[in-house]
Amino acid sequence: MAKKYTDVLKKNAMLIVLVLVYIFFTVSTGGGMFQAMNFNALITQNAYVFVLATGMLMCMLTGGNIDLSCGSFVCFLGAFGGILMSIKGIPVGLSIILMLLVGVVYGCALGFLIAYVNIPPWIATLAGYLAFRGWGTALLSSNSTTGSISLAAQKSFLAIFSGKIFSTPINQLNVICVAAGVIASVVVVVTSVMSRARKVKKGYEAESMMSLLVKCVLSVAVIMLFAYKLALAGGIPTVLIWVVIIVLIYNFITSKTTLGRYFYTIGGNAEATRLSGVDTKLIMFLAYLNMAFLTVITTYIVTARFQAANSTAGTYYEMDAIAACVVGGVSAYGGAGNIFGMVVGATLIGVINLGMSLMGVDANWQKIVKGMVLLAAVVFDILATRKNNTK
Amino acid sequence: MGKVILEMKNITKTFPGVKALDNVNLQVEEGEIHALVGENGAGKSTLMNVLSGIYPYGTYEGSIIYNGEECQFQKIKDSENKGIVIIHQELALVPQMSIGENMFLGNERGKKNAINWNETYGEADKYLKMVGLSESSHVLIKDIGTGKQQLVEIAKALAKHAKLLILDEPTSSLNETDSRALLDLMLEFKKQGMTMIIISHKLNEVVYVADKITVVRDGSTVETLDCHNMEIDEDRIIRGMVGREITNRFPKRENVAIGDVNMEVKNWSVHHPVYTERKVVDNVSLTVRAGEVVGIYGLMGAGRTELAMSIFGQSYGYGITGTLTIHGREITLKNPREAIDAKLAYVTEDRKGNGLVLSNPIRVNTSLANMKGVSEKGIIDVDKEYAVAVEYKDKLKTKTPTVEQNVGNLSGGNQQKVLLAKWMYTDPDILILDEPTRGIDVGAKYEIYCIINDLVRAGKSVIMISSELPEVLGMSDRIYIMNEGRFVGELNADEATQESIMASIIQSGRE
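As they're listed, the protein sequences go chains A and B.
Following this note's numbering, the numbering of the first sequence begins with -2 at its first residue and continues without gaps.
Following this note's numbering, the numbering of the second sequence begins with 943 at its first residue and continues without gaps.
If a hint is listed, it holds; no wrong ones were tucked in.
Below, a list of computed lysine to aspartate or glutamate pairs in the EDC-like style, where the Cα atoms sit at most 20 Å apart: (1) K253(A) with E1318(B); (2) K253(A) with E202(A); (3) K196(A) with E1346(B); (4) K199(A) with D1325(B); (5) K1194(B) with E1410(B); (6) K199(A) with E1346(B); (7) K1285(B) with D276(A); (8) K1276(B) with E268(A); (9) K1314(B) with D276(A); (10) K199(A) with E1333(B); (11) K1102(B) with E1032(B); (12) K198(A) with D1325(B); (13) K1084(B) with E1219(B); (14) K1341(B) with E202(A); (15) K1326(B) with D1369(B); (16) K212(A) with D4(A); (17) K945(B) with E972(B); (18) K1314(B) with E1333(B); (19) K253(A) with E1327(B); (20) K1054(B) with E1022(B); (21) K1285(B) with E1272(B); (22) K1326(B) with E202(A); (23) K1133(B) with E1147(B); (24) K199(A) with D1323(B); (25) K253(A) with D1325(B); (26) K196(A) with D1323(B); (27) K1387(B) with E1291(B); (28) K1102(B) with E1130(B); (29) K198(A) with E1346(B); (30) K196(A) with D1325(B); (31) K1071(B) with E1061(B); (32) K253(A) with D1323(B); (33) K945(B) with E974(B); (34) K1319(B) with D276(A).
Listed next, the stretches of chain B that the computed footprint assigns to chain A, with coverage defined by at least 3 CB atoms under 8 Å from CB atoms of chain A: (35) 1300 to 1308; (36) 1317 to 1325.
Hint data in this document are derived by calculation from the structure and do not stem from the laboratory.
This one's a predicted model, so the numbers in the text were calculated from it and none came from an experiment.
Where is the CB? At the ideal position from N, CA and C, for every residue including glycine.
Please take these sequences and the hints and turn them into a complete structure.
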């Protein structure tokens, strides 16, 4: 029985760390972390991490491959979009499509170089990391005297990517938001209960009733807490919808589809996968095309939140995405990791960012702390798997 | 009778599940060339790894007495300091570095932290001359042929002041002329007083150079033949190597009707993917019928795996020529997917390297080559996948608590069953099994043989590649013998003997 508890603890170690870190910041900010505004900030400020880390997860699954260029590409594409919308006066809808096209072209080029020309991913993307930062900055400085293009006038763009749904004044309870929370809770409970029932019916190993109950109660508590706090902070931010949709879709792909399965087996043993008749090059190509696609979504979110395209946009984003994956238990060697873990990792990074800002910790120290957290996560991961292997 | 320089007494080395060496004894006299012969997996290389400290003292039982003192080597450096130097079958040279740099890698000339390059290259040239190489030591390794690379390895060993030189299959990648030159060089060293141990499959070479021959079989030393006291020929050695009786190690296969030709390969040639001028498979033709087990026997490096992989959707090689006919229809298979769709399966030789995803469960590995079977429109039906994995687990008697077990945690025999299950689930007509029983215990071998019999009974064709003679003889209806990329013989089961197979390999080597 004792072993069972340690197993549960080990499996959810990062989740527990997340809770502890959250409590730590709540106490040390005198409850500031627990304010409605900061629930809102946690989501809007870190939406980019969730989206980019999803793409990074897919790349890392194929064998610990990463994309260093995504942060710089956010800067470049933001500049491109800013010029389209604010300078050339191209309608928002068309601009969004054009930005997507540019992203797809980049993704295809990158995927081709990595999958078919066999350029190591970190070198191919390092080139993009350098080039797109330069190109983006050059575009901005040649089109604006301040080095930044405002998007404040593009109301519909801002509404889609950084607005709130049925916005209400601060500290007034947003009914829609609470209702959404209730619906989400019901969906979570019903699907978990049904999934267990199906397993029991077919005679598979299923989790105990107790563990199901604990899981449901905790999930509902977290969802309702968020719903209540967000309701007080003005409503559901649209980015939350984007993030939830992306997370759900990719969770489905990685856990339920043959395509997702191949990402894992390539990371586990690329040659065995190839000899099993899988087009491994195509999968590598798709990993980077997909990365570029999610980078485009990130650009929408980020430029909308800042209401401007500027040359510092996207700095260190690639590092945040990689860190979120690694902290979330995605193997640095590929073949292991899942969306849920990544979400926990990304949230932990977000909580640390926000908590330290609220405490007024110096920006340099913030980086030191994040570095240490990353290292600790990897060491923990390696020690845990080593123990499993010698068992 | 010379002085005994090396004595290995009662060496026993156990790997998890396998006893690789069982009470092995070896005596080597000063100034002689001592040959170790035996089949693949008999334990020759393991014995030499024990001697050179690759398996450190304490991981084996028994004692090593060298030059009158007992040795307890912890690492390779320890044995090298005593003058015992091993040259491995796979050359351990860095291609992008010069001959000189390679020769003193890990043994650099000069002061502690500053390499003296003049001394390095000067010394290197001296040793190169001793092995009869005229190349400058500044030439890069990748720019000289394998024959010369082998000589560089020997020069490197000399630079370590070797007194006892161990050569593991030194001629396996050399052509006839280079091999002969190398053997003559060994005889030259012997005159100068060097002691050598050579491991070789090529018995003609063994007879040519050796003073004494120790035969190893199934992890034990069988006999030591003294070439000066008696007339030793290859047949005498072969008798020692394969001397055991074959009784009931192979399940009987009865009443299996042999049907039409399922697959025919004609004039098949394959070039090495990197050294494209090298032909690894040379004009090979083979047929296999329904209900037939065809054995391909050959030593390692004969080109068997290359042949199989090139047939299996050109997954190996460059400039592949020849025709492939399956079920009477000539086809071209451009990738493994097309091969699988053409009802061909290739069960890989290296389970861990390119066969299984060790970090994934049995369930995932079983369905990997036929995801269509367990999915609909790209969405996996996990229930069905689970059921399939359980079905094959039961059918092949894979020992595991659950199919959710990671394959990496299974024993070799059970891993092989998972690999077979993966390919059987693709419902092939023709299965190429590459070394299906390598590294697994006798009981598991028997079960694998039973599975092979079940397959042919169901009308499938099986091509079994193996370097274990008894297995080839015990399981095959027909046997192809492969050597240096070519088929050098084809025998029916009733006319094949261990001696006749070995003889045709040796014959081809002489040509």
